[in-house]
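*Asks:* Single-letter residue listing:
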Amino acid sequence: MSLLQISDPAKSNDDLKKFVVGIDLGTTNSLIASYDSQLIIYDDNDSELIPSVVTIHNNGDLSVGETAVINSDNNKSTCLTSIKRIMGLSYTDIQNLNLKDDLPLIKSDNDLPCISINNKKYSAIDISSKILLHLRELAETKENKSLDGAVITVPAYFNDIQRQATKNAAKLAGINVLRLLNEPTAAALAYGLESNETGSFIIYDFGGGTFDVSVLTLEKGIFKVLSTDGNTHLGGDDIDYAIVDWLLDNYAFLKKYKPIEIKKYARLLKESLVDKKSISIDIDGNSISLFDNDFLKIITPILDKTFDIVKNALDASNLSKKDIKNIILVGGSTRIHYIKNILEKKFSCNVLNDIDPDKVVAHGAAIQASVLSGNNKENILLLDVLPLSLGVETYGGLSEKVILRNTPIPIKLRKTFTTFKDGQSKLLINIIQGERELVSDCNSLGEFILKDIPSMVAGGPRIDVDFQIDADGILSVSATETTTGNSSMIEVKPSYGLSESDISRMIEDSNNSAETDMRLRRVNESIVEGKRVIYALEQALDSDGRDLLSPDEYNRISDELGALKLSLNDDDSELIEEKINCVEKVSEFYVERRMNRSIKSLIAGKGIDDIL
Amino acid sequence: MDILKKNFFELFNIGISVDVNKLELDEKVKILQGQFHPDKYANGSDFEKRLALQISSHVNDGHKVLGDIILRIEYILKINNFNMDESKTINDIDFLQEQIEYSELAESLGENLDKEIIDVHLLKAKSLLKTTIENIKSSFESNDYEAMWQDLSKLRFYIKNINELIKMRNS
Numbered sequence: 001m002s003l004l005q006i007s008d009p010a011k012s013n014d015d016l017k018k019f020v021v022g023i024d025l026g027t028t029n030s031l032i033a034s035y036d037s038q039l040i041i042y043d044d045n046d047s048e049l050i051p052s053v054v055t056i057h058n059n060g061d062l063s064v065g066e067t068a069v070i071n072s073d074n075n076k077s078t079c080l081t082s083i084k085r086i087m088g089l090s091y092t093d094i095q096n097l098n099l100k101d102d103l104p105l106i107k108s109d110n111d112l113p114c115i116s117i118n119n120k121k122y123s124a125i126d127i128s129s130k131i132l133l134h135l136r137e138l139a140e141t142k143e144n145k146s147l148d149g150a151v152i153t154v155p156a157y158f159n160d161i162q163r164q165a166t167k168n169a170a171k172l173a174g175i176n177v178l179r180l181l182n183e184p185t186a187a188a189l190a191y192g193l194e195s196n197e198t199g200s201f202i203i204y205d206f207g208g209g210t211f212d213v214s215v216l217t218l219e220k221g222i223f224k225v226l227s228t229d230g231n232t233h234l235g236g237d238d239i240d241y242a243i244v245d246w247l248l249d250n251y252a253f254l255k256k257y258k259p260i261e262i263k264k265y266a267r268l269l270k271e272s273l274v275d276k277k278s279i280s281i282d283i284d285g286n287s288i289s290l291f292d293n294d295f296l297k298i299i300t301p302i303l304d305k306t307f308d309i310v311k312n313a314l315d316a317s318n319l320s321k322k323d324i325k326n327i328i329l330v331g332g333s334t335r336i337h338y339i340k341n342i343l344e345k346k347f348s349c350n351v352l353n354d355i356d357p358d359k360v361v362a363h364g365a366a367i368q369a370s371v372l373s374g375n376n377k378e379n380i381l382l383l384d385v386l387p388l389s390l391g392v393e394t395y396g397g398l399s400e401k402v403i404l405r406n407t408p409i410p411i412k413l414r415k416t417f418t419t420f421k422d423g424q425s426k427l428l429i430n431i432i433q434g435e436r437e438l439v440s441d442c443n444s445l446g447e448f449i450l451k452d453i454p455s456m457v458a459g460g461p462r463i464d465v466d467f468q469i470d471a472d473g474i475l476s477v478s479a480t481e482t483t484t485g486n487s488s489m490i491e492v493k494p495s496y497g498l499s500e501s502d503i504s505r506m507i508e509d510s511n512n513s514a515e516t517d518m519r520l521r522r523v524n525e526s527i528v529e530g531k532r533v534i535y536a537l538e539q540a541l542d543s544d545g546r547d548l549l550s551p552d553e554y555n556r557i558s559d560e561l562g563a564l565k566l567s568l569n570d571d572d573s574e575l576i577e578e579k580i581n582c583v584e585k586v587s588e589f590y591v592e593r594r595m596n597r598s599i600k601s602l603i604a605g606k607g608i609d610d611i612l
Numbered sequence: 001m002d003i004l005k006k007n008f009f010e011l012f013n014i015g016i017s018v019d020v021n022k023l024e025l026d027e028k029v030k031i032l033q034g035q036f037h038p039d040k041y042a043n044g045s046d047f048e049k050r051l052a053l054q055i056s057s058h059v060n061d062g063h064k065v066l067g068d069i070i071l072r073i074e075y076i077l078k079i080n081n082f083n084m085d086e087s088k089t090i091n092d093i094d095f096l097q098e099q100i101e102y103s104e105l106a107e108s109l110g111e112n113l114d115k116e117i118i119d120v121h122l123l124k125a126k127s128l129l130k131t132t133i134e135n136i137k138s139s140f141e142s143n144d145y146e147a148m149w150q151d152l153s154k155l156r157f158y159i160k161n162i163n164e165l166i167k168m169r170n171s
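Chains Y and U, in that order, are what the protein sequence lines are. Reminder that position 560 of the first sequence reads as 560 in my numbering, one-by-one numbering, no gaps. Reminder that position 85 of the second sequence reads as 85 in my numbering, one-by-one numbering, no gaps.
Hints in this document: simulated from the structure, not taken from any laboratory. Ideal placement from N, C-alpha and C gives every residue a C-beta, glycine not left out. There are no misleading hints in this set.
Calculated lysine-lysine pairs in the DSBU-like style (CA-CA distance at most 35 Å, straight line):
#1 U:K126 - Y:K321
#2 U:K64 - Y:K311
#3 Y:K585 - U:K64
#4 Y:K421 - U:K78
#5 Y:K311 - U:K115
#6 Y:K321 - U:K22
#7 Y:K415 - U:K126
#8 U:K160 - Y:K322
#9 Y:K305 - Y:K359
#10 U:K30 - Y:K325
#11 Y:K276 - Y:K263
#12 U:K30 - Y:K171
#13 Y:K305 - U:K167
#14 Y:K451 - U:K78
#15 Y:K359 - U:K49
#16 Y:K415 - U:K49
#17 U:K5 - Y:K167
#18 Y:K321 - U:K167
#19 Y:K412 - U:K78
#20 U:K78 - Y:K600
#21 Y:K451 - U:K5
#22 Y:K415 - U:K160
#23 Y:K401 - Y:K107
#24 U:K30 - Y:K401
#25 Y:K311 - Y:K340
#26 Y:K220 - U:K6
#27 U:K49 - Y:K171
#28 U:K30 - Y:K412
#29 U:K64 - Y:K220
#30 U:K6 - Y:K451
#31 U:K130 - U:K5
#32 U:K115 - Y:K401
#33 Y:K412 - U:K167
Covered, in the sense of this in silico footprint (three residues per stretch, anywhere, with C-beta under 8 Å from a C-beta of chain Y), are these stretches of chain U:
#34 27-38
#35 58-72
Make a model of the complete structure from these sequences and hints.
*Replies:* Put into structure tokens, the structure is as follows:
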């Protein structure tokens, strides 16, 4: 319970502090970090960038991260990379994208793509959850604490299904998701840009294999994503290959080396040249050199591609160059100093790159996690918007927008439907996301069947359908037939992806392998949670319990609180959790009264602190 | 829950009015989101999270409605239980004449963009818009919702025209 966060457990009591992290779940590499007065990045064999790679061995064992890269052997295992590119996509989507990935994909039920290895099927969610689990274990081992929650970053253009898929992967990995955060917003947060009142920013994210650009505007503390663009096959790898080609043209002796070795040298040259005029390396007695003017010639065609994409994104945002206040550089490839110089010249604005471009997204996510958990006292509130418009399919395959993109979230909208035939008992609603007019050009989020509609003449029933978008941009739908008040009439048919019951079953499966130390950990966790609840409630009761509650109500809450305190003496997590639930249940009306009271005081111009 | 039953004017504690001070509205939204946004309850119980989601959504919805003059007037009519029957025809001959004239103008401008003519009509539309808003305000003061409803059609029409003319001018 937060009880309006008047009292902050973390402020006075260190053991009650939550252990929360930010996770940058990247296409090529991932990072996990915490922020508590300073940034801590958890490493894997001394590497802070953890490869987003899962290797499945023929005997069914898995390796993740650094070990997955080292242990991949084509004969004995299958190495899975860049799984993020297919998160939340249907089999048909992937075929249309023409990904040149060599993932052994097969089509499963509901057009769901699956990776089949030795007759075992893995979904993109499964594989991502293995990466997340690995990250979680690295952080937990290092801190010797169990994780209370995480903020996970996603690309700004991720739709509802992709966001839900990411959240489900986290659920499977046993991670409590505090919030999904847009990657460009995380980068802006790392630079503290949210403290500005207004301004427009470009986030230039040039990674190992992908290029993304977002145009953000900050208006009174709300980050809006005006446009995004990118290329999922343009990154540092392309620069390495361009250097390889140049090397082969200029140093014939290299032809006898394996391509992978030449690429290693190309990379070494690229990384060593960062702030030098030239660099020479010695290969088995032969010297090769690269001068910065040659390097510039090699990379110019690739950089020009990125600048063209930036221009497209800027055009799509309806802003002009002079509107841009800052450009933030994200991704390892932006270490190439020409990028900063060229962008500064093109936009004549401040290009920010002080924070390590590989870590800036994880950095922002870690700050947000610490704010959400209450560990960080800064009063940052990030308000997000819906990334893509939401609509329903109407007659003729057209999309009728229900909630427009860039609407601040959370938001709830109601739409009323009716029948078009006498006695019609069912209605099918196809929910779509995207900006285009035709349903076939947008994404279907799922079909909802409204059933048990009372028999009436055509147009008689009035069915109110509520579209609720939460703070992560994820949709839930509920429906009520207003003439009868029947509200349990909705049936969700996910077009693809996993249903809620699939996820619960998968979580159960993974829990079956639980051991004794898991149980012990759960007891400790529930004791800490119990203490938090007691602390928050006692502080609240002290401040206004006598004003807002009758003596009888006050005693009822005190009694449950006493029972919870007693339960903390036993090593029985189920009992403690039950008592926590009882306390929360019995104080619901108290929470409600406090919220009602605080709204009055807030709106009258006084802060909550003034009346308490 | 009390907060969710409040109409948007009560929610933001501003008097029911055709005019709304945008800066004041934005500021109140910020204060309320600062208290009730679901992020503020990331550690809360399920009940608290649910309430926060509902209140925060209600605040955003209120911001959208009160921040837009057309939605705001519709909302004033709604909370005064005025029946907004879309099928009712408008019997104002002068207004019908205006609509026909405008569609002819838009057609001719579509063929031949003349910035000076656009500017003249833009100025005219803006002044008509201003008069319409004044009329709606005085109808509201005398509780004449029927007149407000009639003028709302004009308001929509002028706003649409102004946006179209500006778009043509910038093209």
